[in-house]
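These protein sequence lines are chains A, B and C, in that order. The first sequence lines up with residues 1 to 98 when you count with this note's numbering. The second sequence lines up with residues 1001 to 1201 when you count with this note's numbering. The third sequence lines up with residues 2001 to 2129 when you count with this note's numbering.
FYI, nobody ran anything at the bench for these hints, they're computed from the structure. Treat the hints with caution; some may be incorrect.
[Stated by the list, open to error] No more than 20 Å apart at the CA atoms, straight line, and that leaves these computed lysine to aspartate or glutamate pairs for EDC-like: (1) A/Lys36 - C/Asp2003; (2) A/Lys60 - C/Glu2125; (3) B/Lys1166 - C/Glu2079; (4) B/Lys1092 - C/Glu2079; (5) C/Lys2018 - C/Asp2030; (6) A/Lys36 - C/Asp2030; (7) B/Lys1116 - C/Glu2083; (8) B/Lys1116 - C/Asp2126; (9) B/Lys1166 - C/Glu2075; (10) A/Lys30 - C/Glu2102; (11) A/Lys65 - C/Glu2031; (12) B/Lys1092 - C/Glu2083; (13) B/Lys1120 - C/Glu2083; (14) A/Lys30 - C/Asp2022; (15) A/Lys63 - C/Asp2126; (16) A/Lys63 - C/Glu2083; (17) A/Lys60 - C/Glu2102; (18) B/Lys1062 - C/Glu2083; (19) A/Lys30 - C/Asp2126; (20) B/Lys1120 - C/Glu2079; (21) B/Lys1116 - C/Glu2079; (22) A/Lys60 - C/Asp2126; (23) A/Lys36 - C/Asp2126; (24) A/Lys36 - C/Glu2031; (25) B/Lys1046 - C/Glu2042; (26) B/Lys1120 - C/Asp2003; (27) A/Lys65 - C/Asp2030; (28) A/Lys30 - C/Glu2079; (29) A/Lys63 - C/Glu2075; (30) B/Lys1062 - B/Glu1141; (31) B/Lys1066 - C/Asp2022; (32) A/Lys30 - C/Glu2083; (33) B/Lys1066 - C/Glu2079.
One letter stands for each residue in the lines below.
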Amino acid sequence: MKELEPAMQWVCDAAVIRDPTGLHARPAVKLTKLAKTFEAAVEIRADGRNDWTNAKSPNKVMKLKAAHGEPLHIRAAGCDAEAAVAALVALLHRDFVD
Amino acid sequence: MMGELPIRRLIEACAATVAAHVEELTALDQAIGDGDHGLNMQRGLKAVAEAAEEIAALPFGKALHKAGMTLVMKVGGASGPLYGSLFMAMGKAGDEAPAAPARLAEVFAAGVEAVKARGKSDAGAKTMLDVLVPVQAALAEGGDIAAVRAAADGGLAATGPLRATKGRAAFLGERSIGHLDPGARSSALLVHAVCDVLEEE
Amino acid sequence: MTDTVSIVIVSHSADVAKGAADMVRQMVGDEVRVAFCGGNGEGGLGTDVAAILAAIESVYTPKGVAVLVDLGGAETNSEMAIEMLADGRGDNVRICNAPIVEGAVMAATEAAGGAALPVVCATAEDFQA
C-alpha cells in the first residue's frame, strides 16, 4: 500500500469492464494514456485482488488480469484526484470509445 | 610487391568475382541464413563498379572510404555495414596508398578492428572475420601473396565445423555446423581478387 | 502541447513496418510522430540505410527518437544511419532492445505521456507478454 502524507486522501471508485475480452491491449493503452494526463497518483486494482497497480505504467497495466463483467477499482491521490478518477470511470463506462 | 595500387582494376576484379559466384553465395546463405548474401553483395559491388571512375580519381584513403560508404548504402542486409565499415576504416587510416607491406598490414588491421566493433564479434564465431583475421595476421607477419591466399582459404575452411553464434545463422545453432559461412566465402573471394590484381603488377 | 519522443520502426518487411505503425497509431493516437521503413528498396526483404536515415530525419526532434528494429541487419543498418545524422543528432536517437511491434506500442504509449527518451526505451524494453 502506498504511504500517503496526512493531507492526502485516496479518491476511490470502480467501474465494470464491459469489453468481452476484459482489459486487453488497446484499452490498457488508452487507460494508461488517460491516467498520465493527471498529476495525481493513479492506481487500479482488479476485483478480488489486494495489490494496486500504477495506472500510468503501460507495462504494469498491460499485465493486469481484469475480466469482463468485473469492477475495476480506481483510486487517485493529489490535486486533480477527483478529476482523474472521474475520467477513468467515464472511460470504462463508455467502453473505451474515444 | 607494392607499386601504384590500381584502384579501378581492384574494383573491377572484386565486382567480377562476386558476380561470378552469386549462385554459390546464395546457396551458402540459403543453407544457414536468409539467402540474400549473393544478391546483396552483387548489388553493392555493382554500385561501387559504377562509381569506379569517380572513386579512382580520389586519393587512396578517400577512395576506400567512398567505396565503403557505397557498400553501406547499397548492399543492404547485415553485411552492408560490415563490409562498409571495413573499407571506411581502412580509408580513414590515411590518404596515401600503403607503400610497404607493413603499412598495408596496419591499414588492413584498422579495417578488421572496425568490422569486429560493428559486428560485435571476433574470429571463431563463423563470420567473415574468420577469413579477415588470419589474413590480417599473415600481413602482419610479412607474408607474401601466397601466404595471404593460404590464410584466406584456411580461414574459410575453418568456418565449416563452427557453430554460428552471430547473424541469422545463429538461429540454426547446431544445424549451422558443416556449412561454410557465406560472409567468409565472399571475404575469401575478395581477398583472392585483390591478390590476383597485385600479382599482375 | 509539449514535445514528445518520436518513434521510428525499421523492419526487413515493408508490410510489417507499415502494419506496426498502423497499430501504434490506432492504439496510441496521432500525438506521437511515427515513421516507418522496411524492405531493401527493390521490393524485397531487407533494410536500406538511406531509407532509415530519411525516416529518422522525418520525425527528428531534440526530445529524442526511439527506434524499434526486428532482426540483426535492421539493427546494424540503423546504427549506421544514426552515425550519419548531422550535428550530433545521433545523441538523441536510441535503438530499443525490444520486440518490434510490442516495443513500438509501449514506447509510443510512454512517449504520449511526455516521457524522456531513456524512459520511453526502458518501457519498451521492459515489456514482457
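Tested hints:
no.: 1; hint: A/Lys36 - C/Asp2003; verdict: holds (15 Å)
no.: 2; hint: A/Lys60 - C/Glu2125; verdict: holds (13 Å)
no.: 3; hint: B/Lys1166 - C/Glu2079; verdict: holds (17 Å)
no.: 4; hint: B/Lys1092 - C/Glu2079; verdict: holds (19 Å)
no.: 5; hint: C/Lys2018 - C/Asp2030; verdict: holds (15 Å)
no.: 6; hint: A/Lys36 - C/Asp2030; verdict: holds (16 Å)
no.: 7; hint: B/Lys1116 - C/Glu2083; verdict: holds (17 Å)
no.: 8; hint: B/Lys1116 - C/Asp2126; verdict: violated (29 Å)
no.: 9; hint: B/Lys1166 - C/Glu2075; verdict: holds (13 Å)
no.: 10; hint: A/Lys30 - C/Glu2102; verdict: holds (15 Å)
no.: 11; hint: A/Lys65 - C/Glu2031; verdict: violated (28 Å)
no.: 12; hint: B/Lys1092 - C/Glu2083; verdict: holds (15 Å)
no.: 13; hint: B/Lys1120 - C/Glu2083; verdict: holds (16 Å)
no.: 14; hint: A/Lys30 - C/Asp2022; verdict: holds (16 Å)
no.: 15; hint: A/Lys63 - C/Asp2126; verdict: holds (12 Å)
no.: 16; hint: A/Lys63 - C/Glu2083; verdict: violated (36 Å)
no.: 17; hint: A/Lys60 - C/Glu2102; verdict: holds (14 Å)
no.: 18; hint: B/Lys1062 - C/Glu2083; verdict: holds (18 Å)
no.: 19; hint: A/Lys30 - C/Asp2126; verdict: holds (19 Å)
no.: 20; hint: B/Lys1120 - C/Glu2079; verdict: holds (12 Å)
no.: 21; hint: B/Lys1116 - C/Glu2079; verdict: holds (14 Å)
no.: 22; hint: A/Lys60 - C/Asp2126; verdict: holds (10 Å)
no.: 23; hint: A/Lys36 - C/Asp2126; verdict: holds (18 Å)
no.: 24; hint: A/Lys36 - C/Glu2031; verdict: holds (14 Å)
no.: 25; hint: B/Lys1046 - C/Glu2042; verdict: holds (15 Å)
no.: 26; hint: B/Lys1120 - C/Asp2003; verdict: violated (34 Å)
no.: 27; hint: A/Lys65 - C/Asp2030; verdict: violated (28 Å)
no.: 28; hint: A/Lys30 - C/Glu2079; verdict: violated (32 Å)
no.: 29; hint: A/Lys63 - C/Glu2075; verdict: violated (28 Å)
no.: 30; hint: B/Lys1062 - B/Glu1141; verdict: violated (27 Å)
no.: 31; hint: B/Lys1066 - C/Asp2022; verdict: violated (37 Å)
no.: 32; hint: A/Lys30 - C/Glu2083; verdict: violated (35 Å)
no.: 33; hint: B/Lys1066 - C/Glu2079; verdict: holds (18 Å)
Hints 8, 11, 16, 26, 27, 28, 29, 30, 31 and 32 from the earlier list are contradicted by this structure; the remaining hints agree with it.
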